[in-house]
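Enquirer: Protein sequences, first through last, are from chains D and C.
For what it's worth, my numbering labels the leading residue of the first sequence as 1322, then goes sequentially.
For what it's worth, my numbering labels the leading residue of the second sequence as 1322, then goes sequentially.
All the pointers check out, no bait thrown in.
Far from chain C, some chain D residues (derived; all Cβ distances over 12 Å):
id, residue
1, GLU1412
2, GLY1470
3, LYS1545
Under the rule of at most 16 Å between Cα atoms (straight-line distance), these lysine to aspartate or glutamate pairs were calculated in the EDC-like manner:
id, chain 1, residue 1, chain 2, residue 2
4, D, LYS1428, D, GLU1402
5, D, LYS1514, D, GLU1555
6, D, LYS1428, D, GLU1577
7, D, LYS1514, D, GLU1569
8, D, LYS1605, C, GLU1517
9, D, LYS1610, C, GLU1520
10, C, LYS1473, C, GLU1485
11, D, LYS1605, C, GLU1520
12, D, LYS1529, D, GLU1517
13, C, LYS1605, C, GLU1569
14, C, LYS1469, C, GLU1412
15, D, LYS1610, D, GLU1569
16, C, LYS1323, C, ASP1476
17, D, LYS1473, D, GLU1488
18, C, LYS1428, C, GLU1577
19, C, LYS1610, D, GLU1520
20, C, LYS1561, C, GLU1520
21, C, LYS1373, C, GLU1342
22, C, LYS1610, D, GLU1517
23, D, LYS1610, C, GLU1517
24, C, LYS1471, C, GLU1488
25, D, LYS1469, D, GLU1488
26, C, LYS1605, D, GLU1517
27, C, LYS1605, D, GLU1520
For the record, the hints were derived by calculation from the structure and aren't laboratory data.
Virtual Cβ for every residue (Gly too), placed ideally from N, Cα, C.
Listed here are the chains, written in short residue letters.
There are 2 protein chains.
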Amino acid sequence: MKIGIIGGGSIGLLFAGYLAEQHNVTIYTRTEHQANEINKKGVTINKQNTSKTYRVQAKKTSVSVIEEDIVFFAVKQYIVEDVLLQIPDLEKVRTVCFLQNGMSHIKIIEKLINPTILVGIVEHGALKKNETTVTHTGVGGTKIGVFKGKNKAFDSTIPDFPIESHEKWYEIVTSKLIVNAVINPLTALYGVKNGELLENGYFHNQMKALFHEITSVIPSNKEKMWELVMTICENTAQNKSSMLRDIEKGSKTEIEAILGYVLGEAIKKNEKVVITQFLYDSIKGKEQKGG
Amino acid sequence: MKIGIIGGGSIGLLFAGYLAEQHNVTIYTRTEHQANEINKKGVTINKQNTSKTYRVQAKKTSVSVIEEDIVFFAVKQYIVEDVLLQIPDLEKVRTVCFLQNGMSHIKIIEKLINPTILVGIVEHGALKKNETTVTHTGVGGTKIGVFKGKNKAFDSTIPDFPIESHEKWYEIVTSKLIVNAVINPLTALYGVKNGELLENGYFHNQMKALFHEITSVIPSNKEKMWELVMTICENTAQNKSSMLRDIEKGSKTEIEAILGYVLGEAIKKNEKVVITQFLYDSIKGKEQKGG
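Modelling step: build the complete structure from the supplied sequences, incorporating the hints.
Expert: Next comes the structure, spelled out in C-alpha cells:
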C-alpha cells in the first residue's frame, strides 16, 4: 500500500518508520531540510538498546499527495487547518486519517470531501531526537475508527506497532480526550511527571474532582474511564506529559483542543465546570508568561 | 513603656528596631544564639540606602515575660499555639497583641485570660537578612484592633512605622485575609511576582473568580475590598508574596490560616468554593512535593 504521512514530528517519524516495514511510505515534512535529511539517512527508531533504520521517501508538505492510498495526518491539532490548505489535490486521495489529540479538529475534517475519513488515537510514547531519529519510549498501540466512509478503518500487526480498527470513532477519541484532559494540564501546571498525580494526595484529589467535572460534560462510562485514566497514569508514571514538555520548551500546548473543547461542550449543555475553567486559564496564563 | 516581642523573624526584628526609638524593648527569640547576637550587635534596619542600628535587649523565648507592659506575637500563625505553651507567666501580662495573618489563631487566643487581647495586621514589606538585620523593603503601617478588654488598642507615630488603633478587629483581620487569599496562593502556584496577576489576563481572570468565591463566604464590602486588593497588588508589583518565598525555600506556608479558614467558613455556610479548594490542594500538594 502507498502510505503518506504528513508531519515529521515524533509521531510522524514513528509511523513512517514502522509502516515502512510493510508499506511504501512517503513522509511529508514542513521543511525542505528535514525531507533531504530523511532521503539521505532514512528514519531511525531507537527502542531501549536497539536501533533500526528504515528507508523512507520524503517530500516537503506543499507537494501533491495524489499517489497515496491513504494519508495520515500526524501534526498538532492547532495546525491541521493550515496544513490542509497547503496540500494540493488532497481531495483526490481516497482515505485520510487524522491522529490528533482532542476534538477541535473534528469540525475541520467534517468539511473534507474525501470518500473515507478516519480518526485515530496514538498510545505510544515517542520523543523526537533529531530530524531523522525518534526514540520509542513506550510501546502502546493505535486505535482507528471510521468517521465517514467505508466500514473498516485500517489494521496492521507490525510488531510493537499494532493498529486496530474500532467501530466507534467517538468513543476512541473522547476516551483519549478525557485521559489527556485529566493528566496533561495538572502535570503541566505543577511541573511533575505523570506518576506524581497518583503519589501526591492533594494532586490526586484534584484529579478526581477534574475527572468528575469533565465526565459530567463528555458522555462516557465513568467507572471504566476512571480505571483507564489510572492505568495510563501508572504505566506512564516516569513520563512527562506532552503538555508539560510544551510548557517547558515554551511551545504552544494543545490546551484548546483538550480543555477548550470541554469548556465549549459545557456551555452547550449549560453545565458549570469551574475547575476546568481554572486549569484552562492556568495553562493559557503559563503559555503567555512563557518559560 | 516596656515592650516584649516574641519572634526574631523579619516582622519581629522590624518591630523591635522601630519601637526601640520610643520604648524599652526586649525581643524573645527561638534560639539562644540569635539572642546573644542581638545583645551583642543590636537590631539593624536597612532601608533603601540608609542603615540604623538600635539597642535592643534579647532573651530566649522560654523565659518569663512578666515584666512587659505589652507583648507582641510576631511568629507564624501555625506556631502560635506551641509558642504560647513555652512562655511562663504569660497570663500575668496585661496586654498581648497578635500580628498573624489569617484567622486560624483567633480560636487559640479566645482561650487566653489576659485582661487585654489585641490583634493586628502588618502592611510593611520586610526581609530578614541575618539574625540581627532586617531590610524594610516596603513602608506601610500596622493596624491594631481590640479583640478583648480596654477601649483603645495601641498607637504610635514613629516615622515610617505608624501604628493605628482601629475599632473593629474583625474587619482589619478579614480585609488582610482576603487580600492574602487572593494574591498569595496564585503567585505561589505560578512562581510569579504580585504584578504578574495584573498583567497576565488569564491569571487576572482567576483572581477575580477567586475573589468572588471568597467574598461570598467572608462578609465584606465587595467593591471596596476589590479596590484594596488591586491597590496592594499594584503597590507590591515587584515583590514576591510570602507564600511564594515559602514555597521556593521549601518552608511550610500559611495556607491553612488563609484558604483553610475560608474552606472552614464555606462548610459552615454550606457554600461551594471550588476554586478555593483547588488552590488549597495546589499549595498543599506543592508543600508535599517540596522545592
